[in-house]
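Using the sequences and the accompanying hints, generate a full structural model.
Protein chains: 4
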Amino acid sequence: MANIKRIGILTGGGDCPGLNAVIRAVVITAYRQYGVEIFGIRDGFGGLIENNVEKLELKDVSGILPRGGTILGTSNRDNPFQYLVKKEKGNCEYHDASAQVIQTVKDNKLDVVITVGGDGTQSIAHRLYEEYGIPVVGIPKTIDNDIDGTDITFGFDTALGIATASIDKLHSTAESHHRVMVCEVMGRYAGWIALEAGLAGGGDVILIPEIPFKMEKIMDKITARANQGKRFSLVVVAEGAKEEGGDLVVAREVTDPHDPIRLGGISQYVGNKIEDLTGIETRFTILGHVQRGGSPSAFDRILATRFGYHAMEAVMQEKFGCLVGLRGKEIKTTPIKEAIAVPRRVKPDSDLVNTAKAVGTSFGI
Amino acid sequence: MANIKRIGILTGGGDCPGLNAVIRAVVITAYRQYGVEIFGIRDGFGGLIENNVEKLELKDVSGILPRGGTILGTSNRDNPFQYLVKKEKGNCEYHDASAQVIQTVKDNKLDVVITVGGDGTQSIAHRLYEEYGIPVVGIPKTIDNDIDGTDITFGFDTALGIATASIDKLHSTAESHHRVMVCEVMGRYAGWIALEAGLAGGGDVILIPEIPFKMEKIMDKITARANQGKRFSLVVVAEGAKEEGGDLVVAREVTDPHDPIRLGGISQYVGNKIEDLTGIETRFTILGHVQRGGSPSAFDRILATRFGYHAMEAVMQEKFGCLVGLRGKEIKTTPIKEAIAVPRRVKPDSDLVNTAKAVGTSFGI
Amino acid sequence: MANIKRIGILTGGGDCPGLNAVIRAVVITAYRQYGVEIFGIRDGFGGLIENNVEKLELKDVSGILPRGGTILGTSNRDNPFQYLVKKEKGNCEYHDASAQVIQTVKDNKLDVVITVGGDGTQSIAHRLYEEYGIPVVGIPKTIDNDIDGTDITFGFDTALGIATASIDKLHSTAESHHRVMVCEVMGRYAGWIALEAGLAGGGDVILIPEIPFKMEKIMDKITARANQGKRFSLVVVAEGAKEEGGDLVVAREVTDPHDPIRLGGISQYVGNKIEDLTGIETRFTILGHVQRGGSPSAFDRILATRFGYHAMEAVMQEKFGCLVGLRGKEIKTTPIKEAIAVPRRVKPDSDLVNTAKAVGTSFGI
Amino acid sequence: MANIKRIGILTGGGDCPGLNAVIRAVVITAYRQYGVEIFGIRDGFGGLIENNVEKLELKDVSGILPRGGTILGTSNRDNPFQYLVKKEKGNCEYHDASAQVIQTVKDNKLDVVITVGGDGTQSIAHRLYEEYGIPVVGIPKTIDNDIDGTDITFGFDTALGIATASIDKLHSTAESHHRVMVCEVMGRYAGWIALEAGLAGGGDVILIPEIPFKMEKIMDKITARANQGKRFSLVVVAEGAKEEGGDLVVAREVTDPHDPIRLGGISQYVGNKIEDLTGIETRFTILGHVQRGGSPSAFDRILATRFGYHAMEAVMQEKFGCLVGLRGKEIKTTPIKEAIAVPRRVKPDSDLVNTAKAVGTSFGI
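Residue numbers (the working numbering), protein chains in the order written: chain A, 1 to 365; chain B, 366 to 730; chain C, 731 to 1095; chain D, 1096 to 1460.
It is possible that part of the hints are untrue.
[Said to hold, decoys possible] Distance condition first, Cα-Cα at most 30 Å in a straight line; then the derived DSBU-like pairs of lysine-lysine:
| no. | chain 1 | residue 1 | chain 2 | residue 2 |
| --- | --- | --- | --- | --- |
| 1 | C | 1077 | A | 329 |
| 2 | B | 424 | D | 1424 |
| 3 | B | 420 | D | 1325 |
| 4 | B | 702 | D | 1424 |
| 5 | A | 273 | A | 230 |
| 6 | A | 332 | C | 1059 |
| 7 | B | 684 | B | 471 |
[As the list claims (entries may be wrong)] Computed footprint of chain D on chain B; a stretch qualifies when at least three of its residues, placed anywhere within it, have a C-beta under 8 Å from a C-beta of chain D:
| no. | segment |
| --- | --- |
| 8 | 393-402 |
| 9 | 493-502 |
| 10 | 520-527 |
| 11 | 651-664 |
| 12 | 691-697 |
| 13 | 721-730 |
Bear in mind the hints are in silico, worked out from the structure with no lab data behind them. All figures in this text were calculated on a predicted structure; none of them were measured in a lab. Note that beta-carbon positions come from the ideal geometry of N, C-alpha and C, so glycine has one too.
Written out as structure tokens, the structure is:
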């Protein structure tokens, strides 16, 4: 414990409500409980490569608890093992920047680096720890809630709240216009947001990557509702939902943004099919980036604060290569290796899915 | 005054927060102040054509004040003078259904019809009044705030609030990721929402239909910010914004929904250009239908209630062919004819535009 | 299973966001999964005594998911074993109405009664089950989160969100005016809301019933902040917090509402002391009933829906005398007897308390 | 115009959402449009007396647009003409600090001082201008909306939104419990918030200072509702409402905070009377300080930005002794003298009051 004096912290991957609460908890715990110093690494691994590191003081974290985003900046592109050095149209060059990372750690005398991030970030962290001996402690962060090693991550509850509020808003339009409204939410590989927002918003159909859907089953549900005199329906679809036997349609961010055919993604595809097959006016909405912004919910602020505090505990106890996570009501550590082995996805026979079915939701199967 | 006994009310066009507040105010005023009866016409002019009319009682409007949508249903397709009788792919037939409208008015012994709606609705109302002698009183409703005859319409403030909250959310992502975020809001012919939400959300660039933009001027602004160390920018764009000399790109709803090239609309167009020209990561978000849903703001509930009350006053004073509207602090009536003559658009030299410029916003000119 | 045909449901005690979601889930599951009938009992046990029972159909629960309150009405006064028959100033008469309860159950041929409520409601339910043989299944509901048998109850997350948003608002006033702001939240016997909202809102001092405070320790914290140049402080206090060695000050609802001395409760007491002892301007705010109203959060809607679905499962499996509850990620049943034995209170050495301390919060000890 | 080089700005009186938007607009306009310098005066007139003045740069106002409170700090106690020099229990001393104000203006070479505040602040500003020749330009600010010289002030719309959302929340409790809920909102001398929030929230009774109420008339309304089967009522009361012939009950802040008899104020008084006279359970809630905190609404941000921009215009045009204000759709200046002559109060025969009556609201008369 006496060996730990200087601790770096970085936030990697997409931004997420609660990152600032994590940073604040780490900084306050460090100074108040342990008398050690915290250094902020800017823009994810980019700052570790480019030695963009600054000391964080108590005053730097004053007032940041309720704020979205991350005061450290983030990046979902910078990978030390494949670092973009030149970007030109149709001609990008990458190199291995791990030596620069090691140099930054050395130059700043960092005894450990706290890496706040999802799958991608933790995989890099793990490799830096295993292959290059850099002591790391991970804090899981993924708006999609698809990382293992924790029951839930911060940011998810906020995103869920925003998605649910949006579905509530679409509800009045659907009902007034007798339309089918298709609402696309985040979730490329895991359907947590679609499942929970669909359940909370009273979605008639929920489509998630884990349960490939059949178009005809969606029609059955909408037609059954029409037959009961319910002239509108709400379809909540994860961006990574896919038709049984079909291709993954989606993923605006990973595909070429200039390819218009993919733009509307799965919600456009499903919406158009519904309108064609039922003749009912159908509209789609893609919530997009608004889901990951803004002030974190109380739940996320608390969870993030607990993660920050316990990450500092893990640091001081030299539990390197580990990730903090919520297990029931307690915060525990798990080897990063285990946490990133398999993404946490929705089980098609889980209680949440069964509950949704019990209240009449169709999963398109 | 003694002649008015039975009053119909319909809501036409896109739904809008505050419609239920209007209906409630009309119904309560009718029963409590005048002892006359109100009849709800379902689904806009469709109900007037198909004689889908039901008496509204006081209990029907209990508790609807804070609810989005319209308990009467609406339609933005049904036009009595061009009524769709058969819909088949590539083969639609329309006929003149004005005789049916007259019959419905007669069958239900309606002494007057209150028409709540925008340009389209009021144009039809005006024609029914002028050409067919049906007494009407109009209440202006347009989320885009582009109808004349009133300083402002209900629904706009709610949409503005939703758009501003969304821009606030995008702000944290823009700042954390050092990105340009392009946020597309409603406004096909008038840029009120983009202008006001851009002003309220601190947009660096605001693009509206009334001020055709030049791509290079947008670049200048973003580059100037980058040179000052501000590595992110927010661009707020009305769906109907257009490039100087360019075509109107947009309008997801009016074009063929199956035409993918038009899907991302102006925000995709602008976003891609910015990323190409500056090399700064750029993302776009289309707020879409969430802007018109949900519980109306206090301002909209009050304005809608005032409109409903004053529409009943106009009805009882037999001010037919008129529209109620806010003029300064008072509610006044205007002939519908005048109100629909020219849409209310943003004046490029107005104080709001000048204020936005003074605090550093670029309009791309 | 074949024996269960007619099921009653009542909501008792203070209202709570999520009650309608419970009712909806029970009704939909009953009709869709089991083909059994649901009967709504009005106004808690009052309806069971007075035979105020009506059949609930699917259409009755349409659209109620996002709404606060309870469509069944509730009462936190009607106790079958001590039923108020005459109310006069200084002269109230009570009698045992259990025979009426039995008669209502018999008259309506109810095979089981689902009782949604907290400690008080479940104690009565348990007695009806144990002593009078009325089959019951309980669903825990308490805004204060103080019932055992479940990790968490619905309504709490919504109350927490409202309290946190209010604390955020008080923050700007505290900072601008260099004041101490004391914010009183619900929690007569358990400090969950104060603890979690205090943690989420960055409270400098949190006072809860489970940890009796010393005034001097609160002063120490506020003075220490002032010495660091922080001229404002936020104190979050549960209504049931008490001074070490002092009396319970609080409880506006249980004491005589006409007794002004008790009106401001603990927040006034603490606020005045702080102003007197430090000379810093101090203001207090009592959030009161707004904490239990409004649309339930996504979390609460989901939990309430799960409770409703699983209560129906328990009913059909004839698990009478039991209460459904969240245990980790699963819904399980517990004998009501066990659940009501001891209230769930904050443990002074729990991780949440330790986390709050780690980020600098004082508990006044 | 060439004479104005250095401009001071202070915010006085109670804090108000939008103050930061004003400061931001003043600073950006000053540097970008005119190349002049802005100096922030801390904590209202206190900073002018104590020479607590610091230069404001563009970076100081970056990101403050959506934030509540004021980065300059405020005070509603410091009066240059009656400045508290010694505070002891029962023994306070005041002196005239106007010479210190003049010295601060001189020391900082301030060519003009922008005073953002309500009646109190502007009265002082006016006296400094008239009697001491200090050039001032005023910006009206009052959460209560009771200052003349402008149709509306920023902060009011935000407070209205918070009050309305709270009334919505109380609605579900009132309905579920069949209670009368009394909600006390701000407004000591003017009832704007109570009137508009009451109208927006569907208040059954609205009590404002401008219309003294009779208890029996309130009873009539509540009884009439009960007779129609509406077993709950919402009463919205301004803190300064008073009974006809009665004393002003209220004003928690102005009276001795230790005087318990006055604590519950008018809402307690009215609530207790209702419960005593009708036997219906009644609860009261005092919204208090949460009404003036938090992020400003879009409307308030825009109005505040316009005020800031136009105040700078007035400064550069040397319109000293004037106040900017909204007149219809335009911003105009008025002599401060005129603006503070008479407070803007609700007219008992105004259209808003008539509208509220038309939809069934009682004013207790």
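Okay, the hints, checked on the actual structure:
1. The hinted pair formed by residue 1077 of chain C and residue 329 of chain A meets the criterion: a straight-line CA distance of about 13 Å does not exceed 30 Å.
2. Taking the CA atoms of residue 424 of chain B and residue 1424 of chain D, the gap is near 38 Å; set against the 30 Å cutoff, the hint is violated.
3. Restraint check: the Cα-Cα separation between residue 420 of chain B and residue 1325 of chain D comes to about 21 Å, which is no more than 30 Å; the hinted pair holds.
4. Annotation: proposed proximity of residue 702 of chain B to residue 1424 of chain D holds, straight-line Cα distance about 24 Å (limit 30 Å).
5. The hinted pair formed by residue 273 of chain A and residue 230 of chain A meets the criterion: a straight-line CA distance of about 20 Å does not exceed 30 Å.
6. Between residue 332 of chain A and residue 1059 of chain C, the direct Cα distance comes to roughly 16 Å. Compliance with the 30 Å bound is thereby established for this hinted pair.
7. Note on residue 684 of chain B and residue 471 of chain B: the hinted pairing holds, with a Cα-Cα distance of about 20 Å set against a maximum of 30 Å.
8. Counting residues of the segment 393-402 of chain B whose CB lies closer than 8 Å to any CB of chain D gives 4, so the stated coverage by that chain holds, three being the minimum.
9. Counting residues of the segment 493-502 of chain B whose CB lies closer than 8 Å to any CB of chain D gives 0, which falls below the minimum of 3, so the coverage claim is violated.
10. A count of 3 residues in the segment 520-527 of chain B with a Cβ less than 8 Å from any Cβ of chain D is obtained; the coverage claim is therefore met, three being the minimum.
11. Judged by the Cβ-Cβ criterion of 8 Å, the segment 651-664 of chain B is covered by chain D as claimed, because 4 of its residues qualify and three suffice.
12. Figure legend: the segment 691-697 of chain B, annotated as covered by chain D; annotation consistent (4 residues with Cβ-Cβ distances under 8 Å, at least 3 required).
13. With 3 residues carrying a beta carbon less than 8 Å from a beta carbon of chain D, the segment 721-730 of chain B meets the three-residue requirement, and the given coverage holds.
Going through the hint list in order, the structure does not satisfy hints 2 and 9.
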